[in-house]
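2 protein chains.
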Amino acid sequence: MTRVEVDLNDVTEALRSALADNDLKTAAHEIAPISVAEAVTVLERLSTKQRAVAYRLLPKDDALDVFESLDPVVQGELMGGLRDEEVMTLFEGLDPDDRVWLMDELPATVAGRLLHGLSPDERRLTASVLGYPKDSVGRRMSPEFVSAHGDFTVAQTIARVRERAADAETVYTIPVVNSSRVVIGVVELKDLLVAGNEEILSSLMEDPEMVGATESDESAARRLTDLGFLAMPVVDSEARLVGIFTIDDAARILEYEESQDAARQGGTEDLRRPYLSTPILHIARSRVVWLLVLAVGASLTVQVLSVFEATLAQVTALSLFVPLLIGTGGNTGNQAATTVTRALALGDVHSSDVWRVAGREVRVGFFLGLLLGVLGFVITGAIFGWNIGTVIGLTLLAVCTVAATIGGCMPLLAKAIHADPAVFSNPFISTFTDASGLIIYFVIAKAVLGI
Amino acid sequence: MTRVEVDLNDVTEALRSALADNDLKTAAHEIAPISVAEAVTVLERLSTKQRAVAYRLLPKDDALDVFESLDPVVQGELMGGLRDEEVMTLFEGLDPDDRVWLMDELPATVAGRLLHGLSPDERRLTASVLGYPKDSVGRRMSPEFVSAHGDFTVAQTIARVRERAADAETVYTIPVVNSSRVVIGVVELKDLLVAGNEEILSSLMEDPEMVGATESDESAARRLTDLGFLAMPVVDSEARLVGIFTIDDAARILEYEESQDAARQGGTEDLRRPYLSTPILHIARSRVVWLLVLAVGASLTVQVLSVFEATLAQVTALSLFVPLLIGTGGNTGNQAATTVTRALALGDVHSSDVWRVAGREVRVGFFLGLLLGVLGFVITGAIFGWNIGTVIGLTLLAVCTVAATIGGCMPLLAKAIHADPAVFSNPFISTFTDASGLIIYFVIAKAVLGI
Numbered sequence: 001m002t003r004v005e006v007d008l009n010d011v012t013e014a015l016r017s018a019l020a021d022n023d024l025k026t027a028a029h030e031i032a033p034i035s036v037a038e039a040v041t042v043l044e045r046l047s048t049k050q051r052a053v054a055y056r057l058l059p060k061d062d063a064l065d066v067f068e069s070l071d072p073v074v075q076g077e078l079m080g081g082l083r084d085e086e087v088m089t090l091f092e093g094l095d096p097d098d099r100v101w102l103m104d105e106l107p108a109t110v111a112g113r114l115l116h117g118l119s120p121d122e123r124r125l126t127a128s129v130l131g132y133p134k135d136s137v138g139r140r141m142s143p144e145f146v147s148a149h150g151d152f153t154v155a156q157t158i159a160r161v162r163e164r165a166a167d168a169e170t171v172y173t174i175p176v177v178n179s180s181r182v183v184i185g186v187v188e189l190k191d192l193l194v195a196g197n198e199e200i201l202s203s204l205m206e207d208p209e210m211v212g213a214t215e216s217d218e219s220a221a222r223r224l225t226d227l228g229f230l231a232m233p234v235v236d237s238e239a240r241l242v243g244i245f246t247i248d249d250a251a252r253i254l255e256y257e258e259s260q261d262a263a264r265q266g267g268t269e270d271l272r273r274p275y276l277s278t279p280i281l282h283i284a285r286s287r288v289v290w291l292l293v294l295a296v297g298a299s300l301t302v303q304v305l306s307v308f309e310a311t312l313a314q315v316t317a318l319s320l321f322v323p324l325l326i327g328t329g330g331n332t333g334n335q336a337a338t339t340v341t342r343a344l345a346l347g348d349v350h351s352s353d354v355w356r357v358a359g360r361e362v363r364v365g366f367f368l369g370l371l372l373g374v375l376g377f378v379i380t381g382a383i384f385g386w387n388i389g390t391v392i393g394l395t396l397l398a399v400c401t402v403a404a405t406i407g408g409c410m411p412l413l414a415k416a417i418h419a420d421p422a423v424f425s426n427p428f429i430s431t432f433t434d435a436s437g438l439i440i441y442f443v444i445a446k447a448v449l450g451i
Numbered sequence: 001m002t003r004v005e006v007d008l009n010d011v012t013e014a015l016r017s018a019l020a021d022n023d024l025k026t027a028a029h030e031i032a033p034i035s036v037a038e039a040v041t042v043l044e045r046l047s048t049k050q051r052a053v054a055y056r057l058l059p060k061d062d063a064l065d066v067f068e069s070l071d072p073v074v075q076g077e078l079m080g081g082l083r084d085e086e087v088m089t090l091f092e093g094l095d096p097d098d099r100v101w102l103m104d105e106l107p108a109t110v111a112g113r114l115l116h117g118l119s120p121d122e123r124r125l126t127a128s129v130l131g132y133p134k135d136s137v138g139r140r141m142s143p144e145f146v147s148a149h150g151d152f153t154v155a156q157t158i159a160r161v162r163e164r165a166a167d168a169e170t171v172y173t174i175p176v177v178n179s180s181r182v183v184i185g186v187v188e189l190k191d192l193l194v195a196g197n198e199e200i201l202s203s204l205m206e207d208p209e210m211v212g213a214t215e216s217d218e219s220a221a222r223r224l225t226d227l228g229f230l231a232m233p234v235v236d237s238e239a240r241l242v243g244i245f246t247i248d249d250a251a252r253i254l255e256y257e258e259s260q261d262a263a264r265q266g267g268t269e270d271l272r273r274p275y276l277s278t279p280i281l282h283i284a285r286s287r288v289v290w291l292l293v294l295a296v297g298a299s300l301t302v303q304v305l306s307v308f309e310a311t312l313a314q315v316t317a318l319s320l321f322v323p324l325l326i327g328t329g330g331n332t333g334n335q336a337a338t339t340v341t342r343a344l345a346l347g348d349v350h351s352s353d354v355w356r357v358a359g360r361e362v363r364v365g366f367f368l369g370l371l372l373g374v375l376g377f378v379i380t381g382a383i384f385g386w387n388i389g390t391v392i393g394l395t396l397l398a399v400c401t402v403a404a405t406i407g408g409c410m411p412l413l414a415k416a417i418h419a420d421p422a423v424f425s426n427p428f429i430s431t432f433t434d435a436s437g438l439i440i441y442f443v444i445a446k447a448v449l450g451i
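So the sequences go chain by chain: A and B. Residue numbers for the first sequence follow the UniProt record's numbering, so the first one is 1 and each next one is one higher. Residue numbers for the second sequence follow the UniProt record's numbering, so the first one is 1 and each next one is one higher.
Isolated chain A, as found in the complex:
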């Protein structure tokens, strides 16, 4: 691993400086010997301008393969730097489902013009995928599948596979249909190869794991990878076969969703392109909105503290513990939110489980709060006196219980109102627990200290 990484870093650097010097000969010399996979990595690390130049220096045979493996966002950027006829050749060369991924990244006018330039056959296939809503499996399936009838023999089916293999997205998972195109089973090519030539499909096939074309692409992708299958038939509302959903698309969907979730958990937008080739201003833009929203939220803490300003002036020592207390509340809330957000993404928890989750998090939070509270009481009490110790201990207990409960329920509530659970997540919860934690703190302090 280390060896390969270092090499690719060197290639990228050599390419960067050759392109900066406009030395195309050296650049071509650097990029020609590397594999398709390596070329993809190197290209994604270059700036948009250098990438278009470097792409043209690739050996002709590799160019389409490399293009197919690039991230759709990068594909879109790259197209901007190529000539119209180059763009059209690449676009025509993509599979219909990859084409739709790319179109989702392009301005509507460009996407429309490209679609128009396709051959009628390819246009029809692409349009059938484009007809499904965003984030549905229909939009991520391939309409180029090989299916077979239940009364086909193994030999007939293999002959059909041979005939269609060149065009089809996959031939390894073969949906079996009846005369109304309703899916009645699935056979694996592997099983056909070990079966006798005259065996009948309907006796070989297994019960189909199918997915509806309008279902969520993320949950279908999760299901496919959990099952460890290579593909699933995609069906319409009457169980008729309309396409096939393959594991490479599932993996891409999950990677995309996980990038989104990770970004949201950190209070930022997903860059959707490689970090080092993203302009500084684009990075700043991906963060500024959330930072402002969170700052506005945090200004609530200024108001809460103003209310208790007299108390603070009276017992300055109280202000020493503010960051510790709200920090601990934030951490406890974040832990709960992170666990529940991930459980939601994995399908382990659903929004209807809100009471069950709340019940668990109250207990987890109380347990953690009890432990921290006792520690806080002993340590702070010994140093700052037992009155302050009591305030800190009780506050930690209360804050942890409240924060874990809020943190655990927030992602479920977000999901229930059809928002992304990760949006109402860590930084948001920190801000929320900051304000509530401060109120708890001062209420307890006033009661214990009698002020």
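Keep in mind the hints are simulated off the structure, nothing from the lab. Even for Gly, the Cβ is constructed at its ideal location relative to N, Cα and C. This list has only true hints and no planted wrong ones.
According to the in silico footprint, chain B covers these stretches of chain A (three or more CB under 8 Å from chain B):
1. 188-200
2. 238-251
3. 283-292
4. 303-313
5. 337-349
Quick list of simulated restraints, FRET-style, between CB atoms:
6. B:Leu375 <-> A:Val443: 30 to 40 Å
7. B:Val194 <-> A:Glu238: 32 to 42 Å
8. B:Glu144 <-> A:Arg181: 30 to 40 Å
9. A:Gln156 <-> B:Arg164: 19 to 29 Å
10. A:Arg285 <-> B:Lys134: 33 to 43 Å
11. B:Leu375 <-> A:His418: 29 to 39 Å
With chain A held as given, fit chain B onto it using these hints.
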């Protein structure tokens, strides 16, 4: 999607209450008609005890398929509730690579006893995988592959595939080797099916994308899914074929790594099992260590504030902004850390890029700080006076710049010392930026206010 989820919720609930009432007939009636995939979901949502009972109620034909698809952690738990001979049958029925996943979750004595009970052939295959280090591809590969020689004809190769298909992990990607078992290419079964029977493999094969057996499993999994391939040959240090690495294992590795990263980002340990079936104490345990570490870190803020207690007593208004300022610093640091951690996981950034990342984050942080600083100056200045406004504005500028830089570099430094980048992540960075933010704040305040 909703329909299926609701149904499974109902099944799970019905099963739970039937099992609680010891009503096995109703329980069997609930679980019998659902598919393998659904049974997996339902079982993973039950408690350990109920799961073992429910598992035994599954139709015999489905039981092994369901077991294979369960998460290895859940498999291990389930085994504890089954009879020895049931356990041995299940264990013998697994593929060697799945068996090793499971063994990694079992106590060493149990794993050893099970390994000993295998047939000599299966034991040999399993031992060859077990010989590779944890987190290496060797440990996640299958030793049951179909390979072919470069001088084989298509007909010869297909005959070989037919002969081996029943045992092999996959027959769709066929490594091509020379007489010393060195991998010289790869052919896809699909391409064999459309080629002429007498064509020679060496003229059909493509350059192989291979992976070394001791390479990191995560980076290999990422590479495989990025390429959209179904499998890659695994080779030893002399490029000799030792196994095959398939996309279903790659997807499982990535899901596991992403759960780990998500958990660490939230300052908790990955539960490694479904949330709702995890005991409360286990959840608390996964959080308590981090919470204590972070609380100890946060006690630094108490010390920093004690140093400036006199200043705070003099200008109580300063304490009002403490949560806002450190919160904004934490958010800015978290945003940078999240972006860079994800870029590291995706291979877009390497630890050698630390200066480049630092250079970018200084600028991003400065830009964000400038914006927030100006806003903070105007708003706070208008309400609390221009002196305080100046302090807040300058502090926001400085804190954002420092926090983004630290947040961006921390994951890279962690990686450089071979620690998990996600460990030194969000809550850790918040704690770190809290203390440095407070120092910056009071230094600026003393300078501007002349106290």
